[in-house]
Each structure stands twice: as C-alpha cells, then as structure tokens.
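Visitor: I would like the entire structure built from these sequences, with the hints used as guidance.
Sequences listed follow chains L and H, in order. Note that this note's numbering has the first sequence beginning at 1, numbered continuously upward. Note that this note's numbering has the second sequence beginning at 1001, numbered continuously upward.
Please keep in mind that the hints were generated in silico from the structure rather than gathered at the bench. The model shown is predicted, which means the values in this text are computed figures rather than measured ones. Note that the Cβ used here is the ideal one computed from N, Cα and C, for glycine as well. Any given hint could turn out to be false.
To be verified - From chain L, some residues computed to sit far from chain H (all C-beta separations above 10 Å):
id: 1; residue: P10
id: 2; residue: S12
id: 3; residue: S32
id: 4; residue: S43
id: 5; residue: E45
id: 6; residue: S49
id: 7; residue: K56
id: 8; residue: E57
id: 9; residue: D58
id: 10; residue: Q70
id: 11; residue: Q80
id: 12; residue: D83
id: 13; residue: S84
id: 14; residue: T92
id: 15; residue: I101
id: 16; residue: R112
What the hints assert, rightly or not - With a straight-line cut-off of 16 Å between C-alpha atoms, the simulated EDC-like cross-links for lysine to aspartate or glutamate are:
id: 17; chain 1: L; residue 1: K100; chain 2: H; residue 2: D1056
id: 18; chain 1: L; residue 1: K2; chain 2: H; residue 2: E1044
id: 19; chain 1: L; residue 1: K100; chain 2: H; residue 2: D1057
id: 20; chain 1: L; residue 1: K100; chain 2: H; residue 2: E1062
id: 21; chain 1: L; residue 1: K42; chain 2: H; residue 2: E1106
id: 22; chain 1: H; residue 1: K1078; chain 2: H; residue 2: E1062
id: 23; chain 1: L; residue 1: K100; chain 2: H; residue 2: D1063
id: 24; chain 1: L; residue 1: K100; chain 2: H; residue 2: E1044
id: 25; chain 1: H; residue 1: K1068; chain 2: H; residue 2: D1030
id: 26; chain 1: H; residue 1: K1024; chain 2: H; residue 2: E1083
To be verified - Here are a few chain H residues that face chain L, going by a calculated C-beta distance under 10 Å:
id: 27; residue: G1059
id: 28; residue: P1061
id: 29; residue: F1074
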Amino acid sequence: QKEVEQNSGPLSVPEGAIASLNCTYSDRGSQSFFWYRQYSGKSPELIMSIYSNGDKEDGRFTAQLNKASQYVSLLIRDSQPSDSATYLCAVTRLYSSASKIIFGSGTRLSIRP
Amino acid sequence: DAGVIQSPRHEVTEMGQEVTLRCKPISGHDYLFWYRQTMMRGLELLIYFNNNVPIDDSGMPEDRFSAKMPNASFSTLKIQPSEPRDSAVYFCASRRRGTGELFFGEGSRLTVL
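Guide: Here it is, written out as structure tokens:
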C-alpha cells in the first residue's frame, strides 16, 4: 500500500463547475496535510494546508480533512482553464523527528471550456 | 526574499559520468528535502536534512547517490557513476520553520545518455 494515494486521472471538469480531488493516506500519526499544484514543466507550488478535521476555505479552494477516515480532499469552485494542472497531496508528521513529507502521485485535472 | 535556487537547470551527460546538483534553500528555513520526479514513479523523497544534519536517507536508491549539506545555505546531490535510469527532474525544497510548508526550486532536469 502506498503511503499517500491519489487517483491519477485525468479528471475532466467543465469550466465553472466544481472540481473534487481526493487523497487517502496510511500513517495514522500524520498531522499536517497539503495540496500542491504543478503546471506542466514547472515545480510544485503550495496552494492549501490543513491541520484540523473539517473544512478550510481560501478563495475558490476548500480543503477537507477527516482523520478518522484518513482522507483529505480539495474542492475547486468555479473552475477556470488556468486550474488545469496536476494536484499533489502531501502528508507529514509535523512535530516529530520523522518529519518526512510524502507526496501522492498526483491527479491531473483538465478544465474544458 | 529569493526562493530556492537550484543549479544546473538542465544537465545532459553520458553514462558513467559524475553528476553534481546544487541547491540553495530559503534563508531561515530549517529543513531541506531532495526529491526526484519521473512520470512512472511520481515525486519520490530521496533524503532530507534538519539544520544541516541528514535525518533520513532511506529513499536514496543506491550507493551511487550521496548528498551533503555543509552549511545552512548549500546542499549537493551527487550521482557517481550516473546511469540512464537516473534520468529525471530533481527538486530541492526547503521547509518554512514551524510548518510543513515546502518551497520548491525550479528543478534540475537530468538526462543520462
């Protein structure tokens, strides 16, 4: 079992709709969760972080965390063509000597006009 | 503040040659990570440092790979001898102190012929 799992996609969503990206993780001790966006040929950039169960909203983005189910998701509202990218989920035990940050393989999102 | 700086951006070399990749993290960040990204394997963690000390190198694929961080502002990843299967994009990332937020360099694209 991979430590962090994501559906590779591609996920195709019409412009203006909600895109829903999902991620599961295996380490129950994980404390911090992140979503990165990576455009083709570019490096990953952080778009959201979440540390507590529930929802966290930032503009058009909402991160959702359920530690009991070991599940984290990212919702993108009013999807734009510029949102077309690969989205990477990352997980870590922040306050631990084992502070490695593990990434999922990413979900490729395509927003169709 | 300048971001994470990596060099070279592109490297083409022949099998058997030594390759050295360099990274300057963001000043004040306390962790430095080296990742390798390929289409097949995604973003793999190779090694990470905390305050210049290597914490976990279990992701380093073979003894041909080595990494150092002689001071807080510089790290190297060396491959000797290089093989075609080492061809990938190598990312360096530094972590903002007290958070799990990573900031990536632009990557070094390595091609081993």
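Visitor: Decide, hint by hint, whether the structure agrees.
Guide: Cross-check of the supplied hints:
1. Taking the minimum C-beta to C-beta distance to chain H, about 14 Å, the non-interface status of P10(L) holds against the 10 Å cut.
2. A cut-off of 10 Å between C-beta atoms confirms that S12(L) is not in contact with chain H; the least separation is 20 Å.
3. Its closest Cβ contact with chain H, about 4 Å, brings S32(L) to no more than 10 Å, contrary to its assignment away from the interface.
4. With a cut of 10 Å on Cβ distances, S43(L) falls inside the contact zone with chain H, its closest approach being about 4 Å.
5. Listed as outside the interface, E45(L) is inconsistent with that label: its C-beta sits roughly 7 Å from the nearest C-beta of chain H, within the 10 Å cut-off.
6. The Cβ of S49(L) does not lie farther than 10 Å from every Cβ of chain H; its closest approach is about 6 Å, which violates its non-interface assignment.
7. Taking the minimum C-beta to C-beta distance to chain H, about 14 Å, the non-interface status of K56(L) holds against the 10 Å cut.
8. No beta-carbon of chain H is positioned within 10 Å of the beta-carbon of E57(L); the least distance is around 18 Å.
9. Listed as a non-interface residue, D58(L) keeps its Cβ farther than 10 Å from every Cβ of chain H; the least gap is roughly 13 Å.
10. Distance check on Q70(L): its Cβ is at least 17 Å (rounded) from any Cβ of chain H, clearing the 10 Å threshold; non-interface status holds.
11. With a least beta-carbon separation of about 23 Å from chain H, Q80(L) lies farther than 10 Å from that chain, consistent with its non-interface assignment.
12. Every CB of chain H is more than 10 Å from the CB of D83(L) (nearest about 19 Å), matching its label as outside the interface.
13. Annotated as non-interface, S84(L) keeps its C-beta farther than 10 Å from every C-beta of chain H; the closest such distance is 18 Å.
14. Against the 10 Å criterion, T92(L) falls within the reach of chain H, whose nearest CB is about 5 Å from its own CB.
15. The beta carbon of I101(L) sits about 6 Å from the closest Cβ of chain H, which is not more than 10 Å, so the claim that it is off the interface is violated.
16. Against the 10 Å criterion, R112(L) stays outside the reach of chain H, whose nearest CB is about 23 Å from its own CB.
17. The suggested pairing of K100(L) with D1056(H) holds, with an alpha-carbon distance near 8 Å, which does not exceed 16 Å.
18. Simply put, K2(L) and E1044(H) have alpha-carbon atoms about 12 Å apart, close enough for the 16 Å limit, and the pair holds.
19. Proposed proximity of K100(L) and D1057(H) is supported: the alpha carbons are some 10 Å apart, at most 16 Å.
20. At most 16 Å may separate the alpha-carbon atoms for a hinted pair to count; K100(L) and E1062(H) exceed this at roughly 19 Å.
21. Restraint check: the Cα-Cα separation between K42(L) and E1106(H) comes to about 7 Å, which is no more than 16 Å; the hinted pair holds.
22. Taking the CA atoms of K1078(H) and E1062(H), the gap is about 11 Å. The hint holds against a cut of 16 Å.
23. Restraint check: the Cα-Cα separation between K100(L) and D1063(H) comes to about 21 Å, which exceeds 16 Å; the hinted pair is violated.
24. A distance of roughly 11 Å separates the Cα atoms of K100(L) and E1044(H); the hinted pair therefore holds under the 16 Å criterion.
25. With a CA separation close to 15 Å, the supplied pair K1068(H) and D1030(H) stays within the 16 Å bound.
26. Taking the CA atoms of K1024(H) and E1083(H), the gap is near 25 Å; set against the 16 Å cutoff, the hint is violated.
27. Taking 10 Å as the C-beta cut-off, the interface hint given for G1059(H) holds, the closest approach to chain L being about 8 Å.
28. Below 10 Å, beta-carbon pairs count as interface contacts, and P1061(H) has none with chain L, the closest being about 16 Å; its hint is therefore violated.
29. With a cut of 10 Å, the hint placing F1074(H) at the interface with chain L is violated, because the nearest CB-to-CB distance is about 19 Å.
The structure is inconsistent with the numbered hints 3, 4, 5, 6, 14, 15, 20, 23, 26, 28, 29, although it conforms to all the rest.
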